[in-house]
Every structure is written in C-alpha cells, then in structure tokens.
Amino acid sequence: MKISVTINNKPAEFDVMPDEYLADSLRRYGYLSIRKGCDTGSCGLCTVWLDDKPILSCSVLSMRAMGKQITTIEGVKEEAKECAQYLVGEGAEQCGFCSPGLIMTILAMKRELVNPTEQDIVHYLNGNLCRCTGYVGQLRAVKKYLGVE
Amino acid sequence: MITIKDYALPDTLEEAYNLLNKKRSNTVLGGGAFLRLGSKKIGTAIDLSKLMLDAIEETDEFIEIGAMVTFRQVETDPVLKKFANGILSQAVKNIVGVQLRNIATVGATVYSRYGFSDFITALLALDTKVLLHKRGLMRLDEFLADGAKNDILVKVIINKTGRKAAFNMMRNSQSDYAILNVAVSRLADDWKVIIGARPHRAAIAYEASKYLSGSDLTGESVQQAATIASKELSFGTNIKGSREYRRKISTALVKRAVLEVLA
Numbered sequence: 449m450k451i452s453v454t455i456n457n458k459p460a461e462f463d464v465m466p467d468e469y470l471a472d473s474l475r476r477y478g479y480l481s482i483r484k485g486c487d488t489g490s491c492g493l494c495t496v497w498l499d500d501k502p503i504l505s506c507s508v509l510s511m512r513a514m515g516k517q518i519t520t521i522e523g524v525k526e527e528a529k530e531c532a533q534y535l536v537g538e539g540a541e542q543c544g545f546c547s548p549g550l551i552m553t554i555l556a557m558k559r560e561l562v563n564p565t566e567q568d569i570v571h572y573l574n575g576n577l578c579r580c581t582g583y584v585g586q587l588r589a590v591k592k593y594l595g596v597e
Numbered sequence: 012m013i014t015i016k017d018y019a020l021p022d023t024l025e026e027a028y029n030l031l032n033k034k035r036s037n038t039v040l041g042g043g044a045f046l047r048l049g050s051k052k053i054g055t056a057i058d059l060s061k062l063m064l065d066a067i068e069e070t071d072e073f074i075e076i077g078a079m080v081t082f083r084q085v086e087t088d089p090v091l092k093k094f095a096n097g098i099l100s101q102a103v104k105n106i107v108g109v110q111l112r113n114i115a116t117v118g119a120t121v122y123s124r125y126g127f128s129d130f131i132t133a134l135l136a137l138d139t140k141v142l143l144h145k146r147g148l149m150r151l152d153e154f155l156a157d158g159a160k161n162d163i164l165v166k167v168i169i170n171k172t173g174r175k176a177a178f179n180m181m182r183n184s185q186s187d188y189a190i191l192n193v194a195v196s197r198l199a200d201d202w203k204v205i206i207g208a209r210p211h212r213a214a215i216a217y218e219a220s221k222y223l224s225g226s227d228l229t230g231e232s233v234q235q236a237a238t239i240a241s242k243e244l245s246f247g248t249n250i251k252g253s254r255e256y257r258r259k260i261s262t263a264l265v266k267r268a269v270l271e272v273l274a
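One line per chain: the protein sequences are A and B, in this order. Residues are numbered in our numbering as their position in the first sequence, beginning at 1, plus a constant of 448. Residues are numbered in our numbering as their position in the second sequence, beginning at 1, plus a constant of 11.
No lab work stands behind these hints: they were computed from the structure. This one's a predicted model, so the numbers in the text were calculated from it and none came from an experiment. Accuracy of the hints is not assured; some may be wrong.
Unchecked claim - Straight-line distance between alpha carbons at most 27 angstroms, and here's what the computed BS3-like set of lysine-lysine pairs gives:
hint, chain 1, residue 1, chain 2, residue 2
1, B, K92, A, K501
2, B, K16, A, K450
3, B, K33, A, K558
4, B, K16, A, K484
5, B, K61, A, K450
6, B, K160, B, K140
7, B, K34, B, K145
8, B, K51, B, K34
9, A, K450, B, K51
10, A, K501, B, K259
11, B, K52, A, K450
12, A, K484, B, K93
13, A, K450, B, K93
14, B, K61, A, K516
Unchecked claim - Label pairs and their calculated CB-CB ranges:
hint, chain 1, residue 1, chain 2, residue 2, range
15, A, L561, B, T14, 33 to 41 angstroms
16, A, S452, B, E72, 55 to 63 angstroms
17, B, G247, A, T488, 19 to 27 angstroms
18, B, S50, A, V536, 35 to 43 angstroms
19, A, E530, B, A263, 45 to 53 angstroms
20, A, L561, B, D227, 41 to 49 angstroms
21, B, K51, A, G515, 19 to 27 angstroms
22, B, D200, A, K558, 46 to 54 angstroms
23, B, T248, A, Q517, 44 to 52 angstroms
24, B, A263, A, K458, 48 to 56 angstroms
25, A, S452, B, A156, 40 to 48 angstroms
26, B, N183, A, C543, 24 to 32 angstroms
27, B, R254, A, K525, 50 to 58 angstroms
All C-beta atoms, glycine included, are put in the ideal place defined by N, C-alpha and C.
Sequences are here, hints too, so could you generate the full structure?
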C-alpha cells in the first residue's frame, strides 16, 4: 500500500505492508538512526516524532503515518549534535545504541515542557532505557543542556 | 506476531461497524501498541482515525473522552488534571513512557477491558458510562462485566457529580505495569472502592464501599473497610506478584486512598 508522508520536512512516498510497523519501514527506506531494541514498546530506542510528538516507531503501524509529518534524528541534526555534546561531556554515553532515541525524546521534551524540574525530566525520560550508563550522567547532561539548576 | 491482510480508514462509524461485522477476523485498531504483542491474524484492520474521536470535551454536566484520545492527552488535559482530584491524569501518567502514552488510546483500553489497566480502575471510581455505536449507553461496571461483542466504543462519558477521588498503585519500577491499583471516591455519604490489576480486571468492592458509606470514618473504620475490600475480591498470581502479596498490599492501598479522599 502506498502512503504519502512528510519526512524531515520533505514529501515522500512509502510502499508499506498493512502489518508493517513504522520502525521497519523507516529502516527499509534508509533511516538507520532508528534502532530496534526491545521491539515490544518498552525501551524508547526507536523514538521518532509523528506530527511533532515523540512516539515508539516499533509500535505504530506505518499506515498510521499516512499524511503525517515524521521527524527522525536526521531531520534535527544540528540540535541533536548540540545535545549529544552534553551527553558526551558528562560521560553519559557508552555504546551509543540508545542515543538517537534518547536525544529525540530530550528534544521533544525541550519543546513541550517549560522550565521543567528535575522530577519532570526524569518522568519524561522514563520510557528511554540505557543498559550502559545508568541514568545519573544522563540526568546531569540533560539538566545542563536545558539550563536546569 | 500479528498479521494484517488489509487496512481500512472508514469515513463513518456505521461504515466501520459494518466492516467489523463483515468478517470475524476484522478488528478495530486502537493505538496498535498492545495488539502487536499478540499473535492475532487480522483480516481487515479498521482504523478510526478519520472519525474525529480524538477530543476531550467538557459540558456543564459531563466530560466526554473520545475513543481515539491518547493517554498523553488524558495526562496533560487541563480539565482532567483537576477533575476528581486529577485521578484520571494520575492513573495514566506512569504507563510506560511518554512515547507509548502518545500512542495508547482510551477506546482500545476500555473496550478490551484489560485487567492490568490503571485507567479503567480510575474511571470505575467515577460515575462513568461508555457509548457504544450499536448498543448505545452502558454503565461502565456493566460493560466491564458483560462486554459488548462486535460493537465499537465511541466515547467514555463521565458525569460531573463532584466526587472527590484518589488513585494509588504499586509498581516494581515507575514505567512497569502495576502489580495492583486502587481508586476510591466519595460523593457525600456514597463511597466507591475499586481494586484493579488483581490481575483480573478492575471491580467495585461493594461490601467495603457499603461499609464506608455507613461508617463514622474513624481510623478504625477506614482500616476495617480496607480489610473488607481485601477479603471480598478475588486476587490472582502472575509474573508481577502472588495472590497473597496482592491481597496484603490491597489493604494498605485502599486505606491510603480513603485517607487521601478524607484529607
């Protein structure tokens, strides 16, 4: 089935199966920043934005993206790079496998929450798991990135 | 793994209903996140996205939540954040992560009558009805008991009676499924005590509710109500917790919720 989408601000047409999930379609079309971690909707690695909202692309049928705006980390490169520097600076990145999903969630949070507290940040990032670092370094990095005291 | 042969985006509820009833394997989609964890062979997946069911509306008497409203909408909606002490927002805010809450829908959760649901437990403590396309309005407790096969849930309607309410749950970690959840509400002398994720679906503890409604609400009677609730409902064992553990913590959660309502 053919669906028209806007991906990273460019119109595109995807040919998808009715039971294909967005993470698989995006990877098939070359958006390899999308990682499949748990593939059960638990880890946040596959996070992309659908109409500017962070979603788990492993758990949304590709057909649901019809007519919508998809944003992957390739579409917010400069912002992502800036955010990544904070993660690196705090030693909050080791294997890096979870980083694209985490950064997409952090950038979504930056847009959505005004003056978040530490508690707000922890709550917003609850759905992003990291097996390497623990979360203390990530939290330090995110607080510095967002200018939270 | 699920399989889907065909995908439809009906323009009307009647069209969706007819399609649903055309073939046994046809299925209405919610967010699709939980569905994918199963192994259902779906003929036609029916997507309700075009039916404008994604709004939360408030009138003088009711709050209406459309079937395609996501948990994130419930969590962040300014009306629901205040209504009945915000128990609906409270109930959904720890469900996995914000990304999943942007996907999971009210309609799929309620229609599927999931036992693990935090949202259903909170809804049941309020004066809630569901609107089904063919069957019409149904009280939530009746719907949870009987279901409504091959129908489509259009919206959830909550009567703004002015209940005070509280929601409590126990989880192993913040984004995990609840081991047990409890909602308690009060409207004058009418109390409702609900226990869910037992792991069976949420149910009203009628004896405990009745006891509270006629009690003097001292510390002793609150404890007694919690004990009654833990004895009158059945609990089960699954990977999250044993029947005995659930029964034990139900007493503490009910007591805490009652005290929150009284505060």
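Hint by hint, here is what the structure shows:
As the CA atoms of K92 of chain B and K501 of chain A are separated by approximately 20 angstroms, the hinted pair is consistent with the 27 angstroms bound. A hinted pair counts as satisfied when its Cα atoms are at most 27 angstroms apart, and K16 of chain B with K450 of chain A qualifies at roughly 15 angstroms. A C-alpha spacing of about 46 angstroms is found between K33 of chain B and K558 of chain A, which places the hinted pair above 27 angstroms, so the restraint is violated. Proposed proximity of K16 of chain B and K484 of chain A is supported: the alpha carbons are some 24 angstroms apart, at most 27 angstroms.
For the given pair, K61 of chain B sits about 18 angstroms from K450 of chain A by alpha-carbon distance, which is consistent with the 27 angstroms threshold. Pair hint K160 of chain B plus K140 of chain B holds up; C-alpha atoms about 17 angstroms apart against a cutoff of 27 angstroms. Straight-line distance between C-alpha atoms of K34 of chain B and K145 of chain B comes to about 17 angstroms, which keeps the hinted pair within the 27 angstroms bound. In summary, the hint linking K51 of chain B to K34 of chain B is supported, as the alpha carbons are separated by about 14 angstroms, within the 27 angstroms threshold.
Taken as a hint, the K450 of chain A and K51 of chain B pair is honoured in the structure, with Cα atoms around 24 angstroms apart against an allowance of 27 angstroms. The suggested pairing of K501 of chain A with K259 of chain B is violated, with an alpha-carbon distance near 40 angstroms, which exceeds 27 angstroms. With a C-alpha separation of about 22 angstroms, the suggested pairing of K52 of chain B with K450 of chain A holds against the 27 angstroms cut-off. For the suggested pair K484 of chain A and K93 of chain B, the alpha carbons sit about 37 angstroms apart, so the restraint of at most 27 angstroms is broken.
The hinted pair formed by K450 of chain A and K93 of chain B fails the criterion: a straight-line CA distance of about 43 angstroms is larger than 27 angstroms. A distance of roughly 13 angstroms separates the Cα atoms of K61 of chain B and K516 of chain A; the hinted pair therefore holds under the 27 angstroms criterion. Range check, L561 of chain A to T14 of chain B: Cβ separation about 39 angstroms, and the 33 to 41 angstroms hint holds. Between S452 of chain A and E72 of chain B the C-beta distance comes to about 42 angstroms, which lies outside the given range of 55 to 63 angstroms.
Our hint of 19 to 27 angstroms for G247 of chain B and T488 of chain A holds, since their Cβ atoms are close to 23 angstroms apart. At roughly 42 angstroms, the beta carbons of S50 of chain B and V536 of chain A sit within the given window of 35 to 43 angstroms. A hinted range of 45 to 53 angstroms for the beta carbons of E530 of chain A and A263 of chain B is consistent with their spacing of about 46 angstroms. The hinted window of 41 to 49 angstroms between L561 of chain A and D227 of chain B holds, with their beta carbons roughly 45 angstroms apart.
Take K51 of chain B and G515 of chain A: their Cβ atoms lie about 26 angstroms apart, and the range 19 to 27 angstroms holds. At roughly 48 angstroms, the beta-carbon separation of D200 of chain B and K558 of chain A lies within the given 46 to 54 angstroms, and the hint holds. Distance hint check for T248 of chain B and Q517 of chain A: the Cβ-Cβ separation is about 45 angstroms, which falls inside the suggested range of 44 to 52 angstroms. In this structure the supplied range 48 to 56 angstroms holds for A263 of chain B paired with K458 of chain A, their Cβ-Cβ distance being about 55 angstroms.
Separated by about 44 angstroms at the C-beta atoms, S452 of chain A and A156 of chain B satisfy the suggested range of 40 to 48 angstroms. For the pair N183 of chain B and C543 of chain A, the supplied restraint of 24 to 32 angstroms holds, since their beta-carbon distance comes to about 25 angstroms. Taking 50 to 58 angstroms as the suggested C-beta distance range, the pair R254 of chain B and K525 of chain A conforms, at roughly 52 angstroms.
Hints 3, 10, 12, 13 and 16, counting from the list given before, are not met by this structure.
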